[in-house]
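Chain B with the ligands: place on chain A using the hints.
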Amino acid sequence: MARILVIEDNELNRDMLARRLARRGFEVLLAIDGRIGLDKAAQAAPDLILMDMSLPELDGWEATRRLKAGPATRHIPVIALTAHAFAADRAKALEAGCDEFETKPVDFARLLEKIGGLLPESDS
Amino acid sequence: MKALRRFRQLLRRSVTTRALVSSLVLLGVSALFLIASFLATQRKSSQEQLELRALALADFIAKQAQFPLLVGDRSELSRIADGALSNRDVAYLEISGADSVLIQAGREDRKAAFGQRPAGPAGTAGSDFRIVSPDLLEVRRLVRPPTRGRLLDWETGASSEAPLGLVRMGFSMREQQAALRSTLLWGSVAIGLGVCVILSVQYLQLVHLLHPLKTLMRFTDTVGSGDLSQRARVDREDEIGHLAAAFNRMVTRLGETTVSKDYVDNIIQSMGESLIVVDASMVICTVNRATLALLRCEAGDLLGQPVSVVAGDSTGGAVQSGVERVYRARNGQEMPVLFSSGVLHGPSGEVQGYVWLAQDMTERKRVDEERNRAREAAEQASRAKSTFLANMSHELRTPLNAVIGYSQMLMEDCGPEAEAMRQDLEKIERAGQMLLGLINDVLDISKIEAGKMDVDLQPFEVSPVVRDVVNAVQPLARQRANRIRVRCPEEDPVAYADVAKFRQSLLNLVNNACKFTESGTISVDLSRTTQAGRDWLVVKVADTGIGISPDQLARLFQPFSQVDGSATRKYGGSGLGLAISRKFHQMMGGDITVESTPGRGSVFTAWVPAAPPAEKAGGEARKREDAWRESS
Ligand SMILES: Nc1ncnc2c1ncn2[C@@H]1O[C@H](COP(=O)(O)OP(=O)(O)OP(=O)(O)O)[C@@H](O)[C@H]1O
Ligand SMILES: [Mg+2]
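So the sequence lines, in the order shown, correspond to chains A and B.
22 is the number that our numbering gives to position 4 of the first sequence; each next residue is one higher, with no gaps.
475 is the number that our numbering gives to position 365 of the second sequence; each next residue is one higher, with no gaps.
Since the hints were derived computationally from the structure, they do not count as laboratory data.
For clarity, every value in this text was computed on a predicted model and none was experimentally measured.
Here are the simulated BS3-like cross-link-like pairs (lysine-lysine), alpha carbons at most 27 Å apart as the crow flies: (1) 132(A) <-> 58(A); (2) 110(A) <-> 495(B); (3) 110(A) <-> 557(B); (4) 110(A) <-> 562(B); (5) 495(B) <-> 557(B).
Derived, one-sided and incomplete: chain A residues facing chain B with beta-carbon distance under 8 Å: (6) 28; (7) 31; (8) 34; (9) 37; (10) 38; (11) 101; (12) 122; (13) 123; (14) 124; (15) 126.
For glycine and all other residues, C-beta sits at the position ideal for the given N, C-alpha and C.
Only chain A is shown next, with the shape it has when bound in the complex (with noise of 0.2 Å):
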């Protein structure tokens, strides 16, 4: 099955969205701030990460930098997820290398569409 790495500061959203996700029988890895997400991204090697950009630490955009610039890294999808709706805040989100952009409040079926057509075809 295929393993997240749900990168979310805020408890709520953080219990909210692995709950959902597990219950569709993803593997849920947790973490709550930037670098510690990026630790994980190396330790675990998830098939796809959703990445909050307003983190502490290490911000969602340079974390996904560092992600992407990472060889070990590289190839591992990223869903950008932002409370900011303005189309800058998306456009800085794909610079910074995510392969998806979505919006808070997430609206979980899209979010599940797009994982879906992220995640390597055998693994889903």
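Showing chain B with the ligands alone in chain A's frame:
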């Protein structure tokens, strides 16, 4: 010396005095000449008369004395002498015989004259005059014996040739001299009076002549002091009258030119701009009041000074227009001015000087600065607002995210046995969604108002978006028993717009149609048209709902305008949807229009550009066409 100088001054100053003095001199000289010649003539003639008389008397005495001398009758001789002396002007008488003086007689009061009698030898001459002294005339006459011996011819025949004696008579000339003196006196008096009369007549004449000149002179003074309204009186026909008339003409002419000079002066002085005129050597020759006010100085501080005291960076004769320069006030303060200059040409085209015009910009600069500050403050406030909104949006969405997410999660958990709970959770979720919509709308509208909303124009296919929107609204439509019909031209229409914004506004239109229609039909018609030189995709959303009244139509696109409160309560919504939708369309180059009949339904028409704007020229043409449409 001093008196002489004073007199000369007087002569120089007054025509009257000069004329009178010269007349006096002329008259005096001629009067003197007259009197002198008259006196000379008078004197000569009176002397001649006296001589004649003296001769005649001497002859007479000599004749009378012939006989007494012949006979030696002394008493007769003295009688003759007395007779002679009774003549008033006879001073003395002497009758001498052949060898001795026989009678010597003189008037008492003429003793002196007698005493002066020269003792000459009894001359042989028959008669002669001798002027003895200025007032004494002496006549001598020989007494000869009677010719042809008429008397005692026979007795003295031998000696008849020899004179019997000599009569000497002295005549006083005092009388004549007195007469001459009185003639001289009275003549002088008469001539003096005459001169006086002549001079006074001349004086009066001069005064009469000079009076109008004096008036004219006073008049000239008033004209000279600037009063050009006066005119000289012309009541004479002589040269002075002509002079006055000529003078009046001159004043009139002067008045005309002076009035226009006043007029120009007035304009210059009342100008709000500073005006400085400099001559060819850049020396200030004219300034107006505004200049003095601007530079805070007196005219005397500037006139005659090189213009560099005003503007250090003197540009010489360069003609400039509307440039910013700096004038220096008297206290050294620098004044920003809006400067223009021009060249003054003389009649033959040579450069006479330059005109400098300047407008004080201190105030404008200050206002500009203030405005800049205000704008900066406003911009900062707007930035703060934007930041605040972005943050608020974030802070609101995060908990909403949890609300919506958990309700959805719980709904998934609910089995068929917990249907009631599932419905309650659905209500929570819907409330969350509505709140989210509201937050999105408020965010959109404030971004639009802050000018921060950008559109990302791209060509895209419209049908999928329409299908998407219709699908999204379908649940609501079903709920209100509405049918949605989509009509689309065969080939897929393309729009050139911002997909997300197009979707959002179409969603609002279709959503509204469903909200305000019950058991009706909502039709979405896509078509293409060309208008104002551009291709358009026209999206018509028509419903058969409650419609909108005309006065509601007028406020329809204003933010927060909902037709009535009860409808809001019934249908929900913030009243921002249409305002945002229309703004979106306008930002994409199109617009939304609406027609509605209350009770019958409404038609909202969205105009979306079908292609990017044509080349610049085409754009210009369109703008012109638009302007034409607006003005017609
Ligand atoms: N198709 C329609 N028929 C009748 N009335 C309409 C229609 N569309 C809009 N209105 C009126 O215009 C008002 C403004 O519409 P708008 O879309 O701006 O706000 P809303 O739909 O009330 O709220 P929101 O769209 O922000 O959720 C509506 O409240 C309604 O009264
Ligand atoms: Mg609406």
